[in-house]
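Chemist: So you can see what is in the structure, the chains are spelled out below.
There are 4 protein chains.
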Amino acid sequence: MTDALRVTVWNEFRHEQKPDGKPRELYPKGIHVAIADHLKKQPGLQVRTATLDQPEHGLTEEVLANTDVLTWWGHMAHHEVSDDIVDRVQARILQGMGFIVLHSGHYSKIFKRMMGTTCELKWREIGEKERIWVVDPSHPIADGIGQYIEIPHAEMYGERFDIPQPDELVFISWFQGGEVFRSGCCFHRGRGKIFYFCPGHETYPIYYQEEVLRVIHNGVKWAAPPETAVPTFGNPGPLEDVKPAE
Amino acid sequence: MTDALRVTVWNEFRHEQKPDGKPRELYPKGIHVAIADHLKKQPGLQVRTATLDQPEHGLTEEVLANTDVLTWWGHMAHHEVSDDIVDRVQARILQGMGFIVLHSGHYSKIFKRMMGTTCELKWREIGEKERIWVVDPSHPIADGIGQYIEIPHAEMYGERFDIPQPDELVFISWFQGGEVFRSGCCFHRGRGKIFYFCPGHETYPIYYQEEVLRVIHNGVKWAAPPETAVPTFGNPGPLEDVKPAE
Amino acid sequence: MTDALRVTVWNEFRHEQKPDGKPRELYPKGIHVAIADHLKKQPGLQVRTATLDQPEHGLTEEVLANTDVLTWWGHMAHHEVSDDIVDRVQARILQGMGFIVLHSGHYSKIFKRMMGTTCELKWREIGEKERIWVVDPSHPIADGIGQYIEIPHAEMYGERFDIPQPDELVFISWFQGGEVFRSGCCFHRGRGKIFYFCPGHETYPIYYQEEVLRVIHNGVKWAAPPETAVPTFGNPGPLEDVKPAE
Amino acid sequence: MTDALRVTVWNEFRHEQKPDGKPRELYPKGIHVAIADHLKKQPGLQVRTATLDQPEHGLTEEVLANTDVLTWWGHMAHHEVSDDIVDRVQARILQGMGFIVLHSGHYSKIFKRMMGTTCELKWREIGEKERIWVVDPSHPIADGIGQYIEIPHAEMYGERFDIPQPDELVFISWFQGGEVFRSGCCFHRGRGKIFYFCPGHETYPIYYQEEVLRVIHNGVKWAAPPETAVPTFGNPGPLEDVKPAE
Numbered sequence: 105m106t107d108a109l110r111v112t113v114w115n116e117f118r119h120e121q122k123p124d125g126k127p128r129e130l131y132p133k134g135i136h137v138a139i140a141d142h143l144k145k146q147p148g149l150q151v152r153t154a155t156l157d158q159p160e161h162g163l164t165e166e167v168l169a170n171t172d173v174l175t176w177w178g179h180m181a182h183h184e185v186s187d188d189i190v191d192r193v194q195a196r197i198l199q200g201m202g203f204i205v206l207h208s209g210h211y212s213k214i215f216k217r218m219m220g221t222t223c224e225l226k227w228r229e230i231g232e233k234e235r236i237w238v239v240d241p242s243h244p245i246a247d248g249i250g251q252y253i254e255i256p257h258a259e260m261y262g263e264r265f266d267i268p269q270p271d272e273l274v275f276i277s278w279f280q281g282g283e284v285f286r287s288g289c290c291f292h293r294g295r296g297k298i299f300y301f302c303p304g305h306e307t308y309p310i311y312y313q314e315e316v317l318r319v320i321h322n323g324v325k326w327a328a329p330p331e332t333a334v335p336t337f338g339n340p341g342p343l344e345d346v347k348p349a350e
Numbered sequence: 105m106t107d108a109l110r111v112t113v114w115n116e117f118r119h120e121q122k123p124d125g126k127p128r129e130l131y132p133k134g135i136h137v138a139i140a141d142h143l144k145k146q147p148g149l150q151v152r153t154a155t156l157d158q159p160e161h162g163l164t165e166e167v168l169a170n171t172d173v174l175t176w177w178g179h180m181a182h183h184e185v186s187d188d189i190v191d192r193v194q195a196r197i198l199q200g201m202g203f204i205v206l207h208s209g210h211y212s213k214i215f216k217r218m219m220g221t222t223c224e225l226k227w228r229e230i231g232e233k234e235r236i237w238v239v240d241p242s243h244p245i246a247d248g249i250g251q252y253i254e255i256p257h258a259e260m261y262g263e264r265f266d267i268p269q270p271d272e273l274v275f276i277s278w279f280q281g282g283e284v285f286r287s288g289c290c291f292h293r294g295r296g297k298i299f300y301f302c303p304g305h306e307t308y309p310i311y312y313q314e315e316v317l318r319v320i321h322n323g324v325k326w327a328a329p330p331e332t333a334v335p336t337f338g339n340p341g342p343l344e345d346v347k348p349a350e
Numbered sequence: 105m106t107d108a109l110r111v112t113v114w115n116e117f118r119h120e121q122k123p124d125g126k127p128r129e130l131y132p133k134g135i136h137v138a139i140a141d142h143l144k145k146q147p148g149l150q151v152r153t154a155t156l157d158q159p160e161h162g163l164t165e166e167v168l169a170n171t172d173v174l175t176w177w178g179h180m181a182h183h184e185v186s187d188d189i190v191d192r193v194q195a196r197i198l199q200g201m202g203f204i205v206l207h208s209g210h211y212s213k214i215f216k217r218m219m220g221t222t223c224e225l226k227w228r229e230i231g232e233k234e235r236i237w238v239v240d241p242s243h244p245i246a247d248g249i250g251q252y253i254e255i256p257h258a259e260m261y262g263e264r265f266d267i268p269q270p271d272e273l274v275f276i277s278w279f280q281g282g283e284v285f286r287s288g289c290c291f292h293r294g295r296g297k298i299f300y301f302c303p304g305h306e307t308y309p310i311y312y313q314e315e316v317l318r319v320i321h322n323g324v325k326w327a328a329p330p331e332t333a334v335p336t337f338g339n340p341g342p343l344e345d346v347k348p349a350e
Numbered sequence: 105m106t107d108a109l110r111v112t113v114w115n116e117f118r119h120e121q122k123p124d125g126k127p128r129e130l131y132p133k134g135i136h137v138a139i140a141d142h143l144k145k146q147p148g149l150q151v152r153t154a155t156l157d158q159p160e161h162g163l164t165e166e167v168l169a170n171t172d173v174l175t176w177w178g179h180m181a182h183h184e185v186s187d188d189i190v191d192r193v194q195a196r197i198l199q200g201m202g203f204i205v206l207h208s209g210h211y212s213k214i215f216k217r218m219m220g221t222t223c224e225l226k227w228r229e230i231g232e233k234e235r236i237w238v239v240d241p242s243h244p245i246a247d248g249i250g251q252y253i254e255i256p257h258a259e260m261y262g263e264r265f266d267i268p269q270p271d272e273l274v275f276i277s278w279f280q281g282g283e284v285f286r287s288g289c290c291f292h293r294g295r296g297k298i299f300y301f302c303p304g305h306e307t308y309p310i311y312y313q314e315e316v317l318r319v320i321h322n323g324v325k326w327a328a329p330p331e332t333a334v335p336t337f338g339n340p341g342p343l344e345d346v347k348p349a350e
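Chains as they are written, first to last, in my numbering: chain W, 105 to 350; chain G, 105 to 350; chain R, 105 to 350; chain U, 105 to 350.
All copies of an identical chain are treated as equivalent in the list; a pair is satisfied when it fits inside any one copy or across any two copies.
Calculated cross-link-like contacts (lysine-lysine; reagent style BS3-like; alpha-carbon spacing at most 30 Å):
#, residue 1, residue 2
1, LYS145, LYS325
2, LYS126, LYS347
3, LYS216, LYS325
4, LYS325, LYS144
5, LYS325, LYS213
6, LYS144, LYS216
7, LYS213, LYS126
No wet-lab data here; the hints were simulated from the structure.
With these hints in hand, go ahead and build the complete structure from the sequences.
Modeler: In structure tokens form, the structure reads like this:
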């Protein structure tokens with residue numbers, strides 16, 4: 105990957121536009137801008153944003169064709185995402201586009217599509233503490249952070265998290281109220297790679313926390329499209345001389 | 105599981121009804137009957153069949169609620185399976201029903217739904233030899249067979265097979281024409297377990313081959329529903345006293 | 105498996121023989137007897153025990169040859185286990201014997217041998233609460249228990265646990281002091297299956313807790329030897345006519 | 105990783121020193137030199153070699169401390185590798201050093217140590233054809249090669265290959281004589297990453313084949329040490345106020 109990695113930061117961008125709420129106070133320009141502002145400071149990335157209320161949710165064929173890694177945050181309007189766009193994003197992931205799913209994005213149509221499961225979980229919002237432990241220190245997604253990340257006030261997401269067993273499990277979270285959660289999960293799907301990362305909520309300043317942003321950046325790099333051959337499918341002739349057995 | 109395991113053998117049942125064809129000659133009562141006849145001879149199983157052209161494809165709410173393991177064969181009419189039934193089958197798998205997908209069932213709506221990928225592959229039908237190697241001899245799905253199964257004449261299914269990495273990979277096939285294939289693949293999804301098994305084609309007598317039937321039977325036993333707690337999702341109170349950090 | 109499953113419950117049996125200690129008070133006949141007494145009540149099991157200070161640690165060639173599943177508890181005398189016996193147990197596991205490793209057995213020579221890693225972890229003994237969450241409700245090792253098991257007073261074992269990623273991760277523990285732990289881990293090795301289960305300490309009555317005993321019993325059943333072909337290795341002739349390419 | 109990645113190419117270097125043999129003819133300076141010569145041409149790598157007959161097998165504490173990725177080829181003298189050096193290499197891998205195991209290195213002491221299994225396989229040397237299929241096109245180890253690599257004349261390595269299920273399976277080989285083999289296998293162990301790659305034999309010019317060298321190079325990059333926190337083990341105080349339950 106000698107050229108810049110082209111990242112599109114997608115956000116539902118509804119909570120933050122409601123007047124007088126905590127989300128607007130914390131993220132006046134939207135969660136996408138907080139994340140994109142961080143990524144724009146990193147070398148080798150070319151970053152843009154897209155949001156639900158743009159035409160085609162900002163995810164036109166042209167935008168996706170020019171996106172190497174897509175990050176996704178949604179919550180209250182999952183059902184408003186059009187099935188056509190879900191089809192389109194799925195196809196691009198399978199072709200090789202990286203996909204980073206953040207927090208409540210677990211319940212988006214596109215994440216459920218990619219997983220084949222309900223993606224349901226337990227949740228609770230009382231501002232409790234979360235401690236995100238690294239369980240795979242060989243994994244580049246944990247680069248540059250300590251043995252754990254502490255989130256002072258977080259929404260609890262707890263097991264059972266109805267996803268397939270991750271191909272690589274990087275983080276497990278501890279919650280003050282008594283639950284655990286597989287909070288950093290890697291999946292290979294088609295030619296694409298998917299990273300689910302738990303932290304982040306519209307009423308907490310989590311997307312300003314340095315370690316959280318570092319993990320998102322690590323995830324973007326890890327999910328960069330491969331430079332592998334595109335598999336062909338269908339009906340090829342034999343590669344060997346075949347004289348079928350009698 | 106003290107009671108009988110209730111198995112429903114599903115078949116598209118179209119090829120075999122065409123007059124004067126090889127499928128009809130080989131499987132005059134249908135592929136489902138060949139498989140069900142074998143399973144009916146096994147202890148502890150209670151076996152019925154269902155086919156595409158029955159009302160609700162034979163998969164009513166009542167049938168599915170009383171099915172512990174569902175086996176699936178389809179080929180030429182995947183698109184005729186109604187999306188409502190696909191939704192229903194997916195929900196039952198996630199609740200715990202075992203699911204055995206056979207041969208061309210790889211391209212069924214329900215298997216694609218469960219995998220989240222295209223499930224495409226390479227294929228060729230020239231009657232070449234297939235040799236199915238056991239790569240995980242600790243796995244009960246390989247019980248009772250040798251180090252490999254030889255299929256004298258098979259349809260070639262070759263990599264790249266566009267599925268998620270199996271949770272447990274039991275078999276890999278060698279084909280005379282030069283390809284390989286992950287031909288015995290286990291997946292845990294929700295409370296359910298899925299086994300994909302490659303052999304079997306409407307123009308070969310593969311579903312009369314003892315070792316193939318043995319593996320299907322092993323798969324049925326392996327995929328039996330667990331007796332685990334049904335997870336709850338949603339918004340529980342904390343299990344611990346929480347005094348959120350300042 | 106129509107005949108009884110032959111289980112050998114191994115215990116270091118040192119703590120419990122020290123006079124006037126908590127281990128002796130809790131487990132007067134030894135931890136192995138507490139576990140064996142439970143298993144002996146289960147149908148289809150034939151249970152014996154073996155301990156470190158018996159000749160060959162109670163694990164003669166004859167005993168191992170007649171053991172289908174071996175459970176292992178050790179702590180203060182790991183270094184006293186002879187390397188020859190470790191070789192012997194490893195060979196039997198690879199041949200198909202199931203192996204259940206309990207609590208501090210994580211640091212035994214044989215578990216480290218099977219994992220290829222240090223098997224180190226964090227630990228703390230202040231009697232804190234542990235809550236063991238089921239993260240794979242499709243897995244038979246979780247049969248018959250609820251969404252979690254609560255251990256009122258436990259030794260903390262915390263991540264980073266230096267093991268390979270489990271083939272199947274069934275349980276994750278939450279600890280009151282702030283840590284998490286992959287506490288129910290399945291591994292396939294050779295023809296054998298290994299289950300590591302965290303709970304259990306010589307100063308807590310954990311091996312009298314019904315749910316813990318149930319999981320050990322489930323693990324024994326899951327790890328039963330397969331009835332698969334024993335792979336051959338070495339130098340076979342070709343299965344096909346080979347005319348090497350020029 | 106802004107600085108150069110320091111690679112040590114290790115070779116047993118015995119076959120090639122025998123007079124008048126095919127290995128000497130093909131690899132007059134040794135297999136290690138063929139591999140190192142290729143890697144030296146790649147940007148960002150600093151490459152040296154080491155061989156069995158050097159003091160401490162060329163793998164002194166100092167050399168290993170300054171090695172980011174170690175590649176390993178051995179065959180006829182596995183038993184001559186000292187256990188102390190095996191301990192040392194294992195420790196370095198677990199600390200984060202990448203480890204690339206080539207061909208007959210599958211049966212080295214150090215690979216068996218890391219796997220915990222026998223690492224046995226089937227083998228045959230009649231110069232048959234091998235075709236190495238990419239089964240995970242999302243994996244960077246497959247970068248830059250086609251859907252498969254063809255090796256005109258290879259030693260057959262066949263299943264059952266007695267290793268743990270790879271964390272990521274990248275390649276599966278087809279052999280003319282009728283076998284298959286998991287020929288590109290990734291493992292995470294401790295902070296280190298291990299890649300086993302099948303091709304390469306002392307009597308074939310495989311280590312001059314461009315695609316094989318490309319995969320080795322890809323493996324080296326993939327296995328680069330992480331920049332993650334080094335986990336601490338042992339007995340920490342609680343991170344939370346603990347009032348043990350009564």
